[in-house]
Amino acid sequence: MKKISIDKVLSNTTRTLVVIGTILFALFPIYWALTMSFKPADEWAPSTVHWWPWSPTINNYLPLFFSRETLIDWGTIIGWQMAFPETAVKAITNSLVLGIGGTTLAMFIGTTAAYAMSRYRAGGNVMPYMFLTFRMLPPIAIMIPVVVWFSTLRFMDTHHGMMLLYGLFPVPFVIWLMKSFFDEIPKEIDEAALIDGCSPASTFVKVVLPLVRAGLAVTALFIFIINWSELMVALTLTSRNAVTIPVQIGLYSTDAGFLYGVMAALGMIAIIPTLVFGLAIQRYLVRGFTFGAVKG
Amino acid sequence: MIIPIQLVMNFTAMIPFALTWYVGMTNWIPQLTPFFWEAEFVGLANFLKIPGDDLFIGSIARTLLIVGLCVPIEFLLGFSQAYVLSGDFRGRQFIRVIAIVPMMMVPIVTGYVFYLMFIPAGPLSSIINFFTGGTQPIQFLADPNLALMAIMLADIWQWTPFMFLIFISSILALPQDPINASYVLGASRGYTFRRVMLPMLRTPIMIALILRTIECFKIFDVPYIMTQGGPGYSTFTIQMHLYESGFKYLQYGYTNAQSLLIFITMIIVGWYASKPLRAP
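Taken in sequence, the protein lines are chains G and B.
One rule links them: number in the numbering used here = place in the first sequence (from 1) + 44.
One rule links them: number in the numbering used here = place in the second sequence (from 1) + 316.
The shape of chain B in the complex, shown without the other chains (with noise of 0.2 Å):
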């Protein structure tokens, strides 16, 4: 059964993966040289350059703390969402149906969505006025830190329901005899879902966390329409970042190098990240 996809694997992700190592190590840039391997190679020059790149750096930074606000929220959310719904009353398909519906909005529709609900003329504005009682409309999209936060309201806002979905599914699927058993035996709802529910969750809970911290980490739509980076750097991603330098400046050698180096260090931190899991 590990046949099929050990053939498409190989054919379909093999293949450019060792061409991105060679273009890596080339300063390839296709208007001077129409064909990679016409590029000179310059071997790990690329790799050398990248600890000297303050927007590389800058973004980065940007990056991580976009994902290390937004996944423990999108998480403790989608979480709560779930425990809470999965009980048994009235409307509990349409409630479950409505908390997903953000999951199934275009990214790209989001994004301008947002950026017209952000505006100043926009209705966040208005509302916050309406409590505060302020009178000048808020520019959020002008302000560096109003803007990341409108960013992440964005994803957590798109993303929550992916949390949701898979600790509903778990949550639902969890086999009742213990958590019934704890209930007989006098154990407080709390406990029970402390020491009973949790510990058969745990797998759903890594993986959740894992996948989502992979995704966020490639934040790129919606800033790109929201904000374009700005205002000045405040919004810009590293995926933004990788985006100009390959697609805008055509740098494709540096691109890749950057790349790799990404993903190399995605790969250490998260096998150790992903310990747990692998423990048989």
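Isolated chain G (complex conformation) (with noise of 0.2 Å):
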């Protein structure tokens, strides 16, 4: 009895201690973030270390949500705001509708995709590591032929071309992490639904999804985020109607000087959603949901 409570005593200690780490480590930055987008210009990178906003400020916040008319209509505007004519809500928007399509497309396509590789073998052992190829290509090699082509398409610069890349560029991610989520159901689950005269997409839909719903939320979390981040191809594809965030916050850097509260407090916007999305998976990471589900 003594040993197993030294090692309850030891397995605690260890547990507090990477809890408080990975709070350091994980906030710190985030920490410096926020903070940052409370800070007016001249705190931003100051000759002496701030530990906190000395004199804290919205200015950073209202040039994302307000026009400058309006800004001027209060009497409120300072200097540099006058450089951003149109709010982020745009590219705000364009992300949440580019990210859930593009995530909801990806997921779609490379569920089932993975289930047929999982279950029937589908491409044998060649095809799974062919659609991994397509994420080793360098970005830039992959995007030169996609300008000339999207301008042949007349989809530069519009929701449904990039929607399309974004339901694309990620597959190879949806395929491999879902078919090993798959291969950790054992065969008998499925057998057993197509004995009792299920179709195998209803044996699919109804029987192996539920059971993978956690693998599910894991995955689509990381398709969201990847398309929510993504930089180099909306860079390049986008101009005016379907800027996303990160492309936004490229623009915070002018001529004049980065803005770097401005930045800041878009990129603290920019993780509600992400946040949103990972609180509410949270409760599909349970422990051993297959728990009973084969007997023997």
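Read the hints as simulated data drawn from the structure, not as lab findings.
These figures come from a predicted structure and were not determined experimentally.
Even for Gly, the Cβ is constructed at its ideal location relative to N, Cα and C.
Among the hints, erroneous ones may be present.
Pairs of lysine to any residue, SDA-like flavour, derived with a Cα cap of 25 Å [stated by the list, open to error]:
| hint | chain 1 | residue 1 | chain 2 | residue 2 |
| --- | --- | --- | --- | --- |
| 1 | G | K231 | B | A377 |
| 2 | B | K591 | G | M180 |
| 3 | B | K564 | B | E356 |
| 4 | B | K534 | B | M516 |
| 5 | B | K591 | G | V170 |
| 6 | G | K134 | G | V170 |
| 7 | G | K231 | B | R518 |
| 8 | G | K134 | G | I102 |
| 9 | G | K231 | B | M516 |
| 10 | G | K52 | B | L488 |
| 11 | G | K52 | B | S504 |
| 12 | B | K591 | B | T581 |
| 13 | B | K564 | G | G294 |
| 14 | G | K134 | G | D234 |
| 15 | B | K534 | G | L279 |
| 16 | G | K52 | B | M513 |
| 17 | B | K365 | B | L381 |
| 18 | B | K564 | B | V585 |
| 19 | B | K365 | B | P346 |
Label pairs and their calculated CB-CB ranges [stated by the list, open to error]:
| hint | chain 1 | residue 1 | chain 2 | residue 2 | range |
| --- | --- | --- | --- | --- | --- |
| 20 | G | I116 | B | M465 | 53 to 59 Å |
| 21 | G | T101 | B | I319 | 41 to 47 Å |
| 22 | B | L392 | G | K134 | 41 to 47 Å |
| 23 | G | G241 | B | I319 | 50 to 56 Å |
| 24 | G | R112 | B | M465 | 40 to 46 Å |
| 25 | B | P320 | G | A127 | 44 to 50 Å |
| 26 | B | P320 | G | L68 | 42 to 48 Å |
| 27 | G | R112 | B | G449 | 46 to 52 Å |
Please dock the two separately framed chains into a single complex, following the hints provided.
Encoded structure:
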């Protein structure tokens, strides 16, 4: 009995240390970005370190949501805000539309393919690997032909064009992650459903998908984050109509200087949807959900 | 069920890919000849130029160093975090979300925030001086080695959560019967971990390592913002090299040839690296 209690104390101490380490390591840069977003311009990169905003302000957030005209009407406009006639609302909406649309498309294509590859060995050993190789091509190499091809189709700077790419580029991720989750589900479960008269399609939808819902949730979060923060494709293909948050953040590094506070402010706004998503999938992260599904 | 992906893949990937090969064999520079089919076809000349290109070789070696250090560190941190935090304790849901927050930050913002943290008047310089008793602000981004370290720290900070999330979902999804059986039969924690849990986690570990290696090889946003490759070329990665040669010097033909060479090398290396995964 004594040995177990020492074990327990040790593991509790380790856990406490890991928890503290995680919080410090993960949150310090977030803290720095958050305080940065409330600092006025002269505190962004001061000559001595400012651990917190000495004179906090919401000026960094105002140009994200209110146009130049509104701010002039209010009479609260300050120097650098004059350079931004438009708000970031359009970029935020675009990012949401493209992020959700692209993620849904990628999840649909990728999950069906992963199931076929896991259960029916579609494409043999080579095809899953072939899809992975699409991620190995340097993005710049795929972008040059995509630019050529998109301008031919008049897809440049459109939502449907961007959504197509955002639904395609992360597909190898979906396939490989989902395939590993499908592989963990014993084949006997599918076979039992088939014997009981389920069609292959309804076996997939009604029996197997609910079993991998944790995997689905985690994969969808990944894909959403990948699409949400994607920069190079958006930078190359969008100019006015379909700009996304990362492109919009780039706009705040002007010739006159880097508006670190505004970038941090938009970065903080951009964390909110992913944070909500992350909190929402928490309830799927539970221990051993296939427990008792197969006997013997 | 394989049909939807076949259609989309052929349409969106195969056509550009064929174009990439063709352009890689021309000396297309869009200012001179606006359309790629007007460019002169030079065959393999672009590929033969690569071995003598010092900038290319140097940035490849540097990127391999970054990948070789970052991915194992991210793996060890993410895995041990996931193992420890997979237990049942109060506040577990909260701490698991905290652990994946870094991944949620848009990389371009990460770049600027880490830049501001590493400037001489930034917080990290103060913290280190506080512990070492130094008085001079540390010029992280002006020193070649420290700048490379700063880049890697930013990458580790941002992408350890990727490993963590894959591993925690896999660890939590493990069937509990074999683990409990092992404890009941008197095996120690360490033995159960090594002999029962690790073999069952082989696939997720391989997949996480492979995906992360591929992505880390494409490291671009953060070093581009933090150091622009400097000081000198000490943080100049291969993607920055391709970006500059493509979109700054507009040598589309040569850039494509370099990309294809990297691509083919990675395919061959990856084929052997992923061998354990393909065994039925």
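Assessment of proposed distance window 42 to 48 Å (beta carbons of B/P320, G/L68): holds, 45 Å
For the pair supplied as a hint, G/K52 and B/M513, is the alpha-carbon distance within the 25 Å limit? holds, 20 Å
Need the status of pair G/K134, G/I102: alpha-carbon distance at most 25 Å? Holds, at about 20 Å.
Holds or violated: B/K591 to B/T581, with C-alpha atoms at most 25 Å apart: holds, 16 Å
Verify the proposed pairing of G/K231 with B/M516, using a straight-line Cα cut of 25 Å. holds, 16 Å
Does the structure keep G/K52 and B/S504 at a Cα separation of 25 Å or less? holds, 13 Å
Does the hinted range 41 to 47 Å hold for G/T101 and B/I319 at CB? The hint (41 to 47 Å, Cβ to Cβ) is violated, given that G/T101 and B/I319 are roughly 56 Å apart.
Given the proposed pairing of B/K564 with B/V585, does the C-alpha separation stay at or below 25 Å? The hint is violated at about 30 Å.
Straight-line Cα separation of G/K134 and G/V170 no greater than 25 Å? With Cα atoms ~42 Å apart, G/K134 and G/V170 exceed 25 Å; violated.
With 44 to 50 Å as the target window, see if B/P320 and G/A127 comply at their CB atoms. holds, 45 Å
Given the proposed pairing of B/K564 with B/E356, does the C-alpha separation stay at or below 25 Å? Holds. B/K564 to B/E356 sits at ~21 Å (cutoff 25 Å).
Taking only the CA atoms, is the gap from B/K534 to G/L279 under or equal to 25 Å? Cα-Cα ~16 Å, so holds.
This entry does not satisfy hints 1, 4, 6, 14, 18, 20, 21, 23, going by the numbered hints stated previously.
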